[in-house]
Amino acid sequence: MKYLLLLVGCLGWAVISTAQPNCNLYKTPGNDSCYQACVLATSGFGAQGSMFSQMRFQRAIQMCPTLDYAYMEKAVPYLKRGDWAEWRPLIDKAVALNPKAHLGYRAWCRYQFLHDYEGTLDDLGRLDTLFHGADIGYGVNGDYHLNVTRGLCYKALGQKEKAIQTIEAQLARKGYSPMMFDYLHLGVLKWEMGDPDAAIECFRRSIEINDYLAEAYYYMALAYKDKGEPIAFKRNMEQAKDYYTRNRHTSDPYTHHADRIFLADIERHLK
Amino acid sequence: MTQYAKPIVLFLALASLGQGCRSALDRKETAQAPLLRHVGDTAFDPKLDDPNFKVCNPERAQQYYAFDGLRYEGEKPKIEAHFRNRFKNKPKKGESGWLTIRFVVNCEGQTGWFRVKGVDKLYQPKKFDASIEQQLLALTKTLNGWMVGLNDAGQAFDYYQYLTFKLEDGRLLEILP
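Protein chains in written order, with this note's numbering: chain A, 1 to 271; chain B, 1 to 177.
Worth flagging that the hints you see were computed from the coordinates, not collected in a lab. Here the structure is a predicted model, which is why all the values come from computation and not from measurement. Each hint should be verified, as a subset may be incorrect.
Stated by the list, open to error - Using C-beta positions, here's what the derived DEER-type ranges look like:
1) A:Glu168 <-> B:Asn57: 46 to 54 Å
2) B:Asn52 <-> A:Lys27: 54 to 62 Å
3) B:Met147 <-> A:Ile231: 31 to 39 Å
4) A:Lys27 <-> B:Leu137: 50 to 58 Å
5) A:Ala96 <-> B:Gly109: 39 to 47 Å
6) A:Asp122 <-> B:Pro125: 16 to 24 Å
7) A:Met51 <-> B:Lys90: 35 to 43 Å
What the hints assert, rightly or not - Among the chain A residues that face chain B by a calculated CB cut under 8 Å, a handful are:
8) Gly49
9) Met63
10) Tyr78
11) Arg88
12) Leu90
13) Tyr117
14) Asp252
15) His256
16) Phe262
17) Leu263
As the list claims (entries may be wrong) - Stretch by stretch, here's where chain A covers chain B in the computed footprint (C-beta under 8 Å, at least three residues):
18) 74–82
19) 134–147
20) 166–176
The C-beta atom is built at its ideal place from N, Cα and C for all residues, glycine as well.
Just need the whole structure built from these sequences, with the hints factored in.
Below you can see the structure in the form of structure tokens.
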């Protein structure tokens, strides 16, 4: 029995974590080179970004120039290491070959790594057209629905009303479950637009969903400050500091989230 | 069937773990190969680099994200203040895009091997105006709060770090990551 449970657990992990194509899709008459290229590209040998790994993807592309997965994977280390000039042509090729699979991903990467807000909005607009109003899906790191990302782009471009409408529309979408940071960002927008009561309600919702963020308490403190409630301000700001010093805040190994706060921000308010 | 069940289950379990580890976008670096064998690797250039800067163990250099992100004393606000207080915006039409400076933080927290690469708003390679590039490079070199990259066992590693400066007509808009 314990071996069966081990098998089920490991297979489940594999299903959740892999984003690789099913190479059997290429197993059609006359398409053996693409099947072999897919097997090579998904073989997983070599550390990401190593010459060995990159050569593997390049070989797969030579064997099958339409293997979009290989272009996308070859692009990844350039993205993570800040080489935008090398990243972009590779991901563009993947998008050209399979826009439904890779356009949302490119949009997210432009937002997360480059803060290319206009570019992200362009890509998301194209994605809307491709999906004909159906769900365009989530950013690749699983933190955001792409419509919330769209809202954050509007915010960054100074279009805060549109940002609020966009995020609220996504939250109201049938069958949608709010993600970890949705209400945090909506609350910050409400606070920035001068509606501290609505902001506090959003931060409370955020805490209900994910009580692991110093940011929720920090911004709630600022909203209480605007309402002229110093006791609630201090209580929440101190809670923010406690959480922050225990590493309970938004975090990502590659970049910083929107509305990210730092210890210096908290301490400035507690002086 | 019973005598084969255990080895089959163990084999499938190990194969599945391997499959899980190959998730392209979240696997950690395990840079076992020497420098020059990875995307973004840099080699000492006597024309550009300080000969006194030493990479402690070139064969095991990591990337900044192996240590859970940008690590600087005072965090990102300190970096932003460094540039905000010193960078002189020189408005110049067309000087827009992203200028990236990539460098090594060694096992003692010192920095070196700075390399500059720019792209325009269409992600095409771009050589930014010398006054902008030189300012940003000089200011990056004077950042002195980089934290040492430590693994869970407390071993110090060299790591590659980059800063990307988002520019619009010569004005510095944002610093990434």
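Hint check:
{"no.": "1", "hint": "A:Glu168 <-> B:Asn57: 46 to 54 Å", "result": "51 Å, holds"}
{"no.": "2", "hint": "B:Asn52 <-> A:Lys27: 54 to 62 Å", "result": "58 Å, holds"}
{"no.": "3", "hint": "B:Met147 <-> A:Ile231: 31 to 39 Å", "result": "37 Å, holds"}
{"no.": "4", "hint": "A:Lys27 <-> B:Leu137: 50 to 58 Å", "result": "52 Å, holds"}
{"no.": "5", "hint": "A:Ala96 <-> B:Gly109: 39 to 47 Å", "result": "43 Å, holds"}
{"no.": "6", "hint": "A:Asp122 <-> B:Pro125: 16 to 24 Å", "result": "21 Å, holds"}
{"no.": "7", "hint": "A:Met51 <-> B:Lys90: 35 to 43 Å", "result": "39 Å, holds"}
{"no.": "8", "hint": "Gly49", "result": "4 Å, holds"}
{"no.": "9", "hint": "Met63", "result": "19 Å, violated"}
{"no.": "10", "hint": "Tyr78", "result": "6 Å, holds"}
{"no.": "11", "hint": "Arg88", "result": "4 Å, holds"}
{"no.": "12", "hint": "Leu90", "result": "11 Å, violated"}
{"no.": "13", "hint": "Tyr117", "result": "10 Å, violated"}
{"no.": "14", "hint": "Asp252", "result": "7 Å, holds"}
{"no.": "15", "hint": "His256", "result": "6 Å, holds"}
{"no.": "16", "hint": "Phe262", "result": "5 Å, holds"}
{"no.": "17", "hint": "Leu263", "result": "7 Å, holds"}
{"no.": "18", "hint": "74–82", "result": "holds (count 5)"}
{"no.": "19", "hint": "134–147", "result": "violated (count 0)"}
{"no.": "20", "hint": "166–176", "result": "holds (count 3)"}
Hint compliance for this structure: hints 9, 12, 13 and 19 are broken, all remaining hints hold.
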